Amino acid sequence: MARRPAAIAIGVAIVAFVIGWLMRVDPPRWINRPPKPVAAAPAPAPPAPPGRKIKARLFYVSDDGTRLTGVERDIAYGEGPLEQAREIISAQIAPVSEPFVSAVPPGTTVRALFMTEGGDAYVDLSREVTASHTGGTLDEILTVYTIVNALTANLPAITSVQLLVEGKEVDTLSGHVDLRRPLSKNLSWVQ
Amino acid sequence: MNARSLPHFALALPLVILAALVASLSSQTAPSPALTVLAREGRRALPIALVADQEFVALDDLAAAFQLTVHEEALGAITVTYKGKTIVLTPEQALASVAGRLVSLPAPPSRSGRRWLVPVEFISRALLLVYDARLDLRKPSRLLVVGDLRVPRILVRYDSLGPAARVTIDATPRANSTVTQDGERILVKFDVDALDAQTPLLPPQTLQAAGPFVHDVRVADATSIVVEPGPRFGGFKAAVQPADATARLVIDLLGTQTDTVPTATPQPSPPSDVPPGLTPPASAIRTIAVDPGHGGEDEGVRGAQGMKEKDLALAVARRVKGVIEARLGIRVLLTRDDDRNIALDDRTALANNNKADLFISLHANASVRRSVMGATVFLAAFDETDSGAARPAPGERVPTFGGGLRDIELVPWNLAQTRHLAQSAEFAAVLEQQLRNRVPLAAHAVDRAPLRVLESANMPAVLFEMGFLSNAEQEKQLALDAFQASIAQSVYDAVVRFRDALNGGGAR
Numbered sequence: 033m034a035r036r037p038a039a040i041a042i043g044v045a046i047v048a049f050v051i052g053w054l055m056r057v058d059p060p061r062w063i064n065r066p067p068k069p070v071a072a073a074p075a076p077a078p079p080a081p082p083g084r085k086i087k088a089r090l091f092y093v094s095d096d097g098t099r100l101t102g103v104e105r106d107i108a109y110g111e112g113p114l115e116q117a118r119e120i121i122s123a124q125i126a127p128v129s130e131p132f133v134s135a136v137p138p139g140t141t142v143r144a145l146f147m148t149e150g151g152d153a154y155v156d157l158s159r160e161v162t163a164s165h166t167g168g169t170l171d172e173i174l175t176v177y178t179i180v181n182a183l184t185a186n187l188p189a190i191t192s193v194q195l196l197v198e199g200k201e202v203d204t205l206s207g208h209v210d211l212r213r214p215l216s217k218n219l220s221w222v223q
Numbered sequence: 013m014n015a016r017s018l019p020h021f022a023l024a025l026p027l028v029i030l031a032a033l034v035a036s037l038s039s040q041t042a043p044s045p046a047l048t049v050l051a052r053e054g055r056r057a058l059p060i061a062l063v064a065d066q067e068f069v070a071l072d073d074l075a076a077a078f079q080l081t082v083h084e085e086a087l088g089a090i091t092v093t094y095k096g097k098t099i100v101l102t103p104e105q106a107l108a109s110v111a112g113r114l115v116s117l118p119a120p121p122s123r124s125g126r127r128w129l130v131p132v133e134f135i136s137r138a139l140l141l142v143y144d145a146r147l148d149l150r151k152p153s154r155l156l157v158v159g160d161l162r163v164p165r166i167l168v169r170y171d172s173l174g175p176a177a178r179v180t181i182d183a184t185p186r187a188n189s190t191v192t193q194d195g196e197r198i199l200v201k202f203d204v205d206a207l208d209a210q211t212p213l214l215p216p217q218t219l220q221a222a223g224p225f226v227h228d229v230r231v232a233d234a235t236s237i238v239v240e241p242g243p244r245f246g247g248f249k250a251a252v253q254p255a256d257a258t259a260r261l262v263i264d265l266l267g268t269q270t271d272t273v274p275t276a277t278p279q280p281s282p283p284s285d286v287p288p289g290l291t292p293p294a295s296a297i298r299t300i301a302v303d304p305g306h307g308g309e310d311e312g313v314r315g316a317q318g319m320k321e322k323d324l325a326l327a328v329a330r331r332v333k334g335v336i337e338a339r340l341g342i343r344v345l346l347t348r349d350d351d352r353n354i355a356l357d358d359r360t361a362l363a364n365n366n367k368a369d370l371f372i373s374l375h376a377n378a379s380v381r382r383s384v385m386g387a388t389v390f391l392a393a394f395d396e397t398d399s400g401a402a403r404p405a406p407g408e409r410v411p412t413f414g415g416g417l418r419d420i421e422l423v424p425w426n427l428a429q430t431r432h433l434a435q436s437a438e439f440a441a442v443l444e445q446q447l448r449n450r451v452p453l454a455a456h457a458v459d460r461a462p463l464r465v466l467e468s469a470n471m472p473a474v475l476f477e478m479g480f481l482s483n484a485e486q487e488k489q490l491a492l493d494a495f496q497a498s499i500a501q502s503v504y505d506a507v508v509r510f511r512d513a514l515n516g517g518g519a520r
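These protein sequence lines map, in sequence, to chains A and B.
Residue numbers for the first sequence follow our numbering, beginning at 33 and rising by one.
Residue numbers for the second sequence follow our numbering, beginning at 13 and rising by one.
Any given hint could be a false lead.
[Unchecked claim] Computed beta-carbon distance windows for the label pairs:
1) 159(A) / 383(B): 24 to 32 Å
2) 318(B) / 109(A): 47 to 55 Å
3) 129(A) / 351(B): 35 to 43 Å
4) 83(A) / 355(B): 46 to 54 Å
[Said to hold, decoys possible] The list that follows gives simulated cross-link-like pairs (lysine to any residue, SDA-like), each with its CA atoms no further than 25 Å apart:
5) 217(A) / 430(B)
6) 320(B) / 202(A)
7) 200(A) / 394(B)
8) 217(A) / 111(A)
9) 151(B) / 232(B)
10) 249(B) / 204(B)
11) 249(B) / 498(B)
12) 200(A) / 426(B)
13) 97(B) / 82(B)
14) 320(B) / 162(A)
15) 200(A) / 151(B)
None of these hints come from the bench; they were simulated from the model.
Keep in mind that this is a model prediction, so the values were computed, not measured.
Every residue gets a Cβ at the ideal spot worked out from N, C-alpha and C, and that includes glycine.
Taking the hints into account, I'd like the entire structure generated from these sequences.
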């Protein structure tokens with residue numbers, strides 16, 4: 033009989049250890065809404081013909097600097113909304129030459145892009161998006177809505193976008209625009 | 013200089029004062045230009061001769077006024093002696109040798125008949141070096157202050173405030189003043205020896221526009237200024253605001269129809285270091301939170317010339333606090349009063365916990381396009397889903413002390429601002445209006461964005477971008493004392509109007 037309490041104690045300790053270990057791992061909050069890549073459809077679609085393009089609207093800083101301007105561009109075709117979203121974001125953050133000026137700081141790359149069934153997209157950007165930012169409120173608004181609008185204005189499947197930096201949720205890019213939750217399309221920042 | 017050294021000067025004092033007053037106050041006669049010498053013993057005028065736009069005074073006149081001995085040497089040099097110290101002037105040379113030291117003059121001495129004329133700068137550059145007492149030459153107002161007299165420079169400004177008007181009188185260096193009502197007239201008496209005021213105090217076109225409220229603002233006597241109200245004058249309130257070296261007296265003239273603010277009883281201005289209290293805080297706004305953006309390791313935007321947003325924000329925040337607390341008696345809380353970073357939530361929390369009635373976050377902007385400039389007032393924006401979440405749940409009832417139930421509104425902390433958006437927009441519009449003629453405005457002077465620091469503010473709240481540090485011209489402007497003062501004054505005026513609107517409408 034003396035062994036029973038000992039066995040219970042060991043069992044409790046193991047359970048506590050497992051729970052403690054699980055709690056130590058701090059999953060990003062978006063994991064609560066597990067991204068279900070739309071690309072993971074039951075039947076894989078046939079590969080797209082090489083060189084196939086779609087038209088998409090990309091956003092750059094307007095001449096007067098106070099808004100974004102939409103510019104129609106040919107973008108590589110992506111199979112399904114998620115792949116297409118990746119193509120659009122790659123094209124959007126790619127360096128541009130005059131007269132276009134991007135509100136996304138140079139050197140910024142996309143680390144990952146996820147989508148939920150609810151239409152929220154999560155765009156994980158590299159640290160340059162904050163480190164190389166001018167720090168102005170206006171520029172910060174334009175940076176955020178460049179990404180948000182590039183996805184929501186081109187892909188009906190995406191209704192809102194949350195920006196992450198280096199895999200983590202951030203409060204803001206440089207102290208102004210609230211990035212704690214996904215933002216909807218906002219064309220009032222587009223001329 | 014003392015009375016014994018100037019017996020004639022002292023004897024002639026009453027006549028000289030009278031003559032100077034008549035000369036300076038009479039608008040009917042065009043007085044010939046004169047340099048007014050103000051000394052403890054009195055006032056006297058030295059005629060000024062204009063030669064090729066340069067102002068000259070006669071050496072003879074200076075000699076009489078300052079006990080100088082003038083002697084013309086055989087070789088053409090002119091020696092001016094004061095108590096054993098000598099100044100040597102040479103005709104046709106814009107130089108003077110002062111006790112062996114060379115100083116430059118804007119023009120050489122000039123002969124007029126038998127007299128020698130010297131540029132007025134002779135006083136401030138040469139005579140000053142040998143004279144016993146302080147000599148303060150104020151060329152723009154043709155005034156020479158001798159000794160330690162208190163003679164502040166006076167600047168008068170008139171602003172129309174729609175249903176009211178404002179006369180601002182700046183005295184530099186600071187001087188105490190007393191405001192009294194004499195019949196219809198408002199008399200401002202300064203505790204000084206004399207006033208350095210250029211007449212007219214207000215240009216005729218300003219007076220013409222000011223007609224309904226102000227008929228005239230003029231020098232009444234050596235130490236007083238009188239404001240003569242116009243037909244719409246219904247009362248006034250006065251307040252003193254010390255700012256650095258200047259004492260600013262603000263006289264608000266209220267229209268006959270205005271009933272929102274009672275007419276203050278004219279009374280002496282309080283000591284300058286005490287808030288005047290002539291304008292008791294109205295109930296609508298008792299506390300304002302001013303939030304200087306960034307701080308510490310978070311510098312915010314940095315201009316090409318090195319100006320940091322965090323420093324600018326703090327400097328202007330302190331000005332805003334100074335002007336509002338001194339003149340309105342409203343408490344102003346700064347979210348930081350030194351160079352350190354405060355979490356965004358803590359900034360709003362300070363405002364919420366202190367039940368501030370208004371939240372103003374101060375920032376400077378930047379753009380990748382260097383040409384962008386101008387101020388913007390931002391208010392918070394929320395997605396529709398957020399706004400829906402902010403609506404209070406119906407039927408939230410909580411028990412209260414002493415029994416019973418009370419309805420309460422539960423709004424998520426980060427959506428507190430949703431309930432105040434209309435008033436935030438109202439304040440933003442008023443602030444924009446006050447900024448419009450004072451500082452450059454951006455193409456979109458009022459904008460909305462999901463700004464983190466505003467969302468939790470449980471009161472009307474704006475984020476004020478004062479200008480673009482990424483624009484070289486604006487960086488220079490923002491560093492200017494006068495520019496920062498204009499911004500602070502705009503915020504002050506906006507607060508006054510917003511408060512009055514709240515008081516009048518009882519909207520809160």
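Query raised in the report: Honestly, do residue 318(B) and residue 109(A) meet the 47 to 55 Å range at C-beta?
Result: Hint holds: Cβ distance 48 Å, inside 47 to 55 Å.
Query raised in the report: Taking 25 Å as the top limit, are the C-alpha atoms of residue 320(B) and residue 162(A) close enough?
Result: Given that 25 Å is the threshold and the Cα spacing comes to 17 Å, the pair holds.
Query raised in the report: Does the structure keep residue 217(A) and residue 111(A) at a Cα separation of 25 Å or less?
Result: holds, 23 Å
**Report entry** residue 200(A) paired with residue 394(B) [C-alpha distance capped at 25 Å]
**Finding:** Answer holds: residue 200(A) to residue 394(B) is near 23 Å, not above 25 Å.
Report task. Assess, step by step, whether the Cα of residue 97(B) is no farther than 25 Å from the Cα of residue 82(B), and give holds or violated. Result -> Satisfied, since the Cα-Cα distance of roughly 12 Å is no more than 25 Å.
Query raised in the report: Taking the CB of residue 159(A) and the CB of residue 383(B), does the distance hold inside 24 to 32 Å?
Result: Cβ of residue 159(A) to Cβ of residue 383(B): about 29 Å, so the range 24 to 32 Å holds.
Query - 25 Å limit on alpha-carbon distance, applied to hinted pair residue 320(B) and residue 202(A) - result: holds, 24 Å
Query raised in the report: Can the suggested window of 35 to 43 Å be confirmed for the beta-carbon pair residue 129(A) and residue 351(B)?
Result: holds, 40 Å
Query raised in the report: Does the structure keep residue 249(B) and residue 204(B) at a Cα separation of 25 Å or less?
Result: holds, 23 Å
Query - Holds or violated: residue 200(A) to residue 151(B), with C-alpha atoms at most 25 Å apart - result: violated, 65 Å
Query raised in the report: Holds or violated: residue 151(B) with residue 232(B), Cα cutoff 25 Å?
Result: Cα-Cα ~22 Å, so holds.
Query raised in the report: Going straight from one Cα to the other, do residue 249(B) and residue 498(B) come out at no more than 25 Å?
Result: OK: residue 249(B) and residue 498(B) at ~22 Å, within 25 Å.
When each numbered hint is compared with the structure, a violation occurs for hint 15 only.
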